[in-house]
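**Q** Protein chains in written order, with the numbering used here: chain A, 1 to 319; chain B, 1 to 507.
Keep in mind the hints are simulated off the structure, nothing from the lab.
In this text, all values refer to a predicted model and were calculated from it rather than measured experimentally.
Among the clues, some could well be false.
Chain B stretches covered by chain A per the calculated footprint, using a threshold of three residues with CB under 8 Å from any CB of chain A [said to hold, decoys possible]:
1. 38-50
2. 64-75
20 Å max Cα-Cα, derived EDC-like pairs, lysine to aspartate or glutamate [unchecked claim]:
3. B/Lys484 / B/Asp281
4. B/Lys94 / B/Asp80
5. B/Lys428 / A/Glu102
6. B/Lys396 / A/Asp48
7. B/Lys484 / B/Glu255
8. B/Lys340 / B/Glu255
Where is the CB? At the ideal position from N, CA and C, for every residue including glycine.
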Amino acid sequence: MNYLTQRLATFPLILLGVSVLVFVSIRLIPGDAITAMLGTEAGLLTPDQRASLAAYFGIDQPIYLQYGRWLVGLFSGDLGISVTYGRPVLAVILERFPLTLELALLSMVIALCVGIPAGVLAATRNEGPADLGIRVLAMLGQSTPSFVVGLVIIFVLSVVFGAVPPMGIFTPIYVNPLVNLSQLIFPAITLGFAFAASVTRISRSAMLDVLSDDYVRTARSKGASARSVIWRHAFPNALIPVVTLSGIEFGYLLGGAVIVEQIFALPGIGRLVLDAISQRDYALVEGCVLFIALNFLIVNLLVDLAYAALDPRIRLGGR
Amino acid sequence: MGRHFTHGLISGIALAALLGSATIATPAGAATLRMAWAQDATGLDPQKQTAFSSLRLLELIYEPLVRLDATLQVVPAIADSWEFAADGLTLTFKLNPKAKFSSGVPVTSEDVKASFARILDEATAAATRANFLSISGMDTPDPTTIVFHLSQPDAPILVAMATINAAIVPAAEITAGTIGTKAIGSGPFKLDQWNPNASEALSPNADWAGGKTGVDGITISVLPDETAILASLRAGQTDFALLNDPLVATLVPDEPNLQLNRVPGLAYNVLQLNPSRKPMDNLQVRQAISCAVNRQEIIDTALVGEGKVTGPLTMPAYASDPNTLFCYTQDVEKAKQLMKDAGFADGFSATVIAATGEPPVASSEAQVLQSQLAAIGIKLDIKMMELNVYVDAWLKGDFDMAVAQNGGRPDPYPMYNRYFTKDGNLLKVSNYVDDTLDGLMQEGRKETDPAKRKEIFAKFEAHLAEMSPWVWLSTSYSYTAQLKTVHGFEPSPTGTLYSLSKVTLDN
Numbered sequence: 001m002n003y004l005t006q007r008l009a010t011f012p013l014i015l016l017g018v019s020v021l022v023f024v025s026i027r028l029i030p031g032d033a034i035t036a037m038l039g040t041e042a043g044l045l046t047p048d049q050r051a052s053l054a055a056y057f058g059i060d061q062p063i064y065l066q067y068g069r070w071l072v073g074l075f076s077g078d079l080g081i082s083v084t085y086g087r088p089v090l091a092v093i094l095e096r097f098p099l100t101l102e103l104a105l106l107s108m109v110i111a112l113c114v115g116i117p118a119g120v121l122a123a124t125r126n127e128g129p130a131d132l133g134i135r136v137l138a139m140l141g142q143s144t145p146s147f148v149v150g151l152v153i154i155f156v157l158s159v160v161f162g163a164v165p166p167m168g169i170f171t172p173i174y175v176n177p178l179v180n181l182s183q184l185i186f187p188a189i190t191l192g193f194a195f196a197a198s199v200t201r202i203s204r205s206a207m208l209d210v211l212s213d214d215y216v217r218t219a220r221s222k223g224a225s226a227r228s229v230i231w232r233h234a235f236p237n238a239l240i241p242v243v244t245l246s247g248i249e250f251g252y253l254l255g256g257a258v259i260v261e262q263i264f265a266l267p268g269i270g271r272l273v274l275d276a277i278s279q280r281d282y283a284l285v286e287g288c289v290l291f292i293a294l295n296f297l298i299v300n301l302l303v304d305l306a307y308a309a310l311d312p313r314i315r316l317g318g319r
Numbered sequence: 001m002g003r004h005f006t007h008g009l010i011s012g013i014a015l016a017a018l019l020g021s022a023t024i025a026t027p028a029g030a031a032t033l034r035m036a037w038a039q040d041a042t043g044l045d046p047q048k049q050t051a052f053s054s055l056r057l058l059e060l061i062y063e064p065l066v067r068l069d070a071t072l073q074v075v076p077a078i079a080d081s082w083e084f085a086a087d088g089l090t091l092t093f094k095l096n097p098k099a100k101f102s103s104g105v106p107v108t109s110e111d112v113k114a115s116f117a118r119i120l121d122e123a124t125a126a127a128t129r130a131n132f133l134s135i136s137g138m139d140t141p142d143p144t145t146i147v148f149h150l151s152q153p154d155a156p157i158l159v160a161m162a163t164i165n166a167a168i169v170p171a172a173e174i175t176a177g178t179i180g181t182k183a184i185g186s187g188p189f190k191l192d193q194w195n196p197n198a199s200e201a202l203s204p205n206a207d208w209a210g211g212k213t214g215v216d217g218i219t220i221s222v223l224p225d226e227t228a229i230l231a232s233l234r235a236g237q238t239d240f241a242l243l244n245d246p247l248v249a250t251l252v253p254d255e256p257n258l259q260l261n262r263v264p265g266l267a268y269n270v271l272q273l274n275p276s277r278k279p280m281d282n283l284q285v286r287q288a289i290s291c292a293v294n295r296q297e298i299i300d301t302a303l304v305g306e307g308k309v310t311g312p313l314t315m316p317a318y319a320s321d322p323n324t325l326f327c328y329t330q331d332v333e334k335a336k337q338l339m340k341d342a343g344f345a346d347g348f349s350a351t352v353i354a355a356t357g358e359p360p361v362a363s364s365e366a367q368v369l370q371s372q373l374a375a376i377g378i379k380l381d382i383k384m385m386e387l388n389v390y391v392d393a394w395l396k397g398d399f400d401m402a403v404a405q406n407g408g409r410p411d412p413y414p415m416y417n418r419y420f421t422k423d424g425n426l427l428k429v430s431n432y433v434d435d436t437l438d439g440l441m442q443e444g445r446k447e448t449d450p451a452k453r454k455e456i457f458a459k460f461e462a463h464l465a466e467m468s469p470w471v472w473l474s475t476s477y478s479y480t481a482q483l484k485t486v487h488g489f490e491p492s493p494t495g496t497l498y499s500l501s502k503v504t505l506d507n
């Protein structure tokens with residue numbers, strides 16, 4: 001069995017584990033779909049009223065039966081119906097996903113475009129003023145919570161410029177790319193800020209490692225230009241930790257950036273999960289978490305495949 | 001390379017800013033009101049929804065028989081007039097013959113009968129059913145007359161009917177089972193689109209008996225962060241918004257193009273003690289807590305001054321002057337003496353629960369209470385909970401003390417019968433009732449003379465404050481903020497946005 005098939009074969013098992021965990025944990029939290037809908041007024045319900053609502057929300061049966069029913073549905077491609085949206089869970093998720101994917105891609109582009117050059121620059125000017133400056137900025141980027149950055153951006157835009165990107169109603173890229181970009185650029189900068197900081201730090205340390213390698217000295221002594229030594233000889237070998245980090249970060253971002261989506265009122269996956277949890281929309285929570293887990297698995301697999309492509313010395317599958 | 005990079009970064013940011021401002025400058029839609037709120041509606045069934053935003057949305061789409069105006073007087077909605085029989089056992093409504101659903105079908109007495117039958121049906125699971133249990137039968141002598149037969153005199157039933165939870169829905173939609181999926185009401189607007197937790201679009205209901213609406217439609221955006229709502233108002237992108245957080249609301253008046261509408265609400269902030277647990281079962285301990293609390297200080301610090309000290313009754317028609325109630329002026333010495341008499345001279349420890357963000361000031365309130373009660377030796381441990389977890393604990397009465405914001409009603413009976421009568425549905429939450437409270441409640445329910453009712457409920461309020469099962473603190477304001485280009489909005493203590501039907505916009 002080759003490496004790819006082996007990895008793919010583990011997916012269903014991992015997803016099954018995730019589904020059991022989520023199914024049980026969301027039902028263990030006190031409060032249910034009825035209290036989520038009625039709040040304290042739920043106390044006014046008679047037992048019969050409560051039973052009728054429990055049947056409506058599908059929480060009237062023992063948990064193992066609920067899980068069994070859900071699992072049977074899953075095998076026929078049915079993730080259930082979201083009680084909040086009154087529509088199939090998968091349809092709701094797929095509607096929200098493009099925004100999250102776009103935001104993740106945009107943040108990654110920002111992070112890589114800023115982080116890699118900054119990291120490389122810092123490494124080549126090791127301990128110089130540029131290096132120190134970049135390290136301070138990177139530290140700041142990593143230690144500033146995204147809600148602070150997001151709120152500062154919104155504050156500056158609205159108070160200083162008297163304008164904010166259109167919030168609330170999201171315009172997809174195929175409807176109006178310009179409005180779409182204006183809605184996503186600031187959230188992407190917010191996310192990209194911390195992401196770029198990590199990329200900077202990791203590319204700096206990876207470059208420092210590589211730059212002290214023998215082959216780099218050899219290249220230098222053969223008279224290769226500084227530019228060629230950095231970008232052609234050293235940089236490709238410093239990429240592996242950067243790819244690992246970016247892959248993991250990207251995987252996280254595909255799970256939705258809850259806080260940034262909340263601040264900028266973007267209807268992405270992060271807010272979908274958050275709302276689903278607070279409204280105890282069990283089918284939706286379950287569907288979202290499975291979807292996020294699947295994304296993470298795929299991104300991880302792609303990262304591993306990228307190693308082999310970047311460094312021919314790496315053989316996947318342990319042989 | 002360094003210079004190239006910096007240059008690139010600066011041009012990138014400049015491009016981003018340009019893109020932002022390029023699309024931001026879109027002109028306001030002709031006469032569509034752009035509204036924002038942080039919490040979206042949670043469903044469309046008017047008889048079942050209890051969430052604040054759901055009620056506000058549905059009030060624009062559906063109508064009850066009667067509604068409350070901004071002074072909390074009962075005024076006509078679908079019904080033109082109404083009358084209690086002399087014995088108080090029948091209540092007759094004459095319907096507005098012009099009332100029509102947005103489908104174009106007239107509203108008839110059969111729709112009213114079917115709507116109330118639905119509320120009373122346990123399978124519907126309408127939480128407000130409890131307010132209508134005195135209805136023993138309904139007659140529809142003609143299409144515009146509906147007669148409710150009551151098993152006992154029930155004066156507060158009229159006010160109970162003046163909420164959107166008693167909305168009249170089309171009988172045909174009840175039969176078809178489409179209430180909650182299709183929103184067909186007789187109100188000023190109809191719902192064109194709803195993306196839960198993201199947005200709503202409303203357009204005028206051409207068949208509305210109230211005439212023409214002032215705007216061509218309303219779009220509602222869900223902006224979960226109230227700071228973002230303020231930013232959007234500031235940038236002129238939102239015309240009208242609901243605000244919940246006093247910290248954000250108090251920033252609105254600083255903006256030259258914005259106006260803050262502030263109205264004292266009926267909801268009240270309260271420290272609920274649990275008299276089923278020791279030592280809160282001891283009257284002197286409860287009274288000591290009430291005396292040790294400085295209500296104005298809580299308002300000044302936790303609520304940034306945005307609130308008013310209140311007794312149990314928050315509706316202006318019934319509320320007493322708080323200074324006449326038991327220990328409403330802080331008296332730490334008396335509190336200490338009461339603690340000593342109760343055998344707790346050294347104080348005790350207790351846990352107080354509060355919900356995160358609901359209300360936004362809950363945790364600050366808990367902290368101020370913690371420091372005030374420390375003065376009489378009570379050590380409070382604050383436990384913050386996610387709203388649903390809190391509601392679950394609250395409904396089970398599983399707490400020593402709870403910081404709560406409970407909803408108010410325009411009438412004392414429906415407001416407190418659930419907590420402080422012997423058959424109250426929420427007795428498990430209050431854990432307190434005595435013969436005086438129960439007797440006064442039953443008396444107030446039957447009495448139809450307003451002056452006598454006021455007297456009865458004043459006694460009820462004074463007794464409740466003295467027994468101190470809960471320590472009533474303050475009413476807070478309900479806020480809406482708007483651009484100054486919006487005209488004609490009339491805020492109401494019930495929080496209703498119904499007057500958006502007559503709002504107009506400057507071009």
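**Q** Taking the hints in turn, state whether each one holds.
**A** Hints, one by one, checked against the model:
1. 38-50: holds (count 5)
2. 64-75: Coverage by chain A is violated for the segment 64-75 of chain B (0 residues, Cβ < 8 Å).
3. B/Lys484 / B/Asp281: violated, 53 Å
4. B/Lys94 / B/Asp80: holds, 6 Å
5. B/Lys428 / A/Glu102: Violated, at about 50 Å.
6. B/Lys396 / A/Asp48: holds, 18 Å
7. B/Lys484 / B/Glu255: The hint holds at about 10 Å.
8. B/Lys340 / B/Glu255: violated, 52 Å
Consistency with the previously given hints fails for numbers 2, 3, 5 and 8, ordered from lowest to highest.
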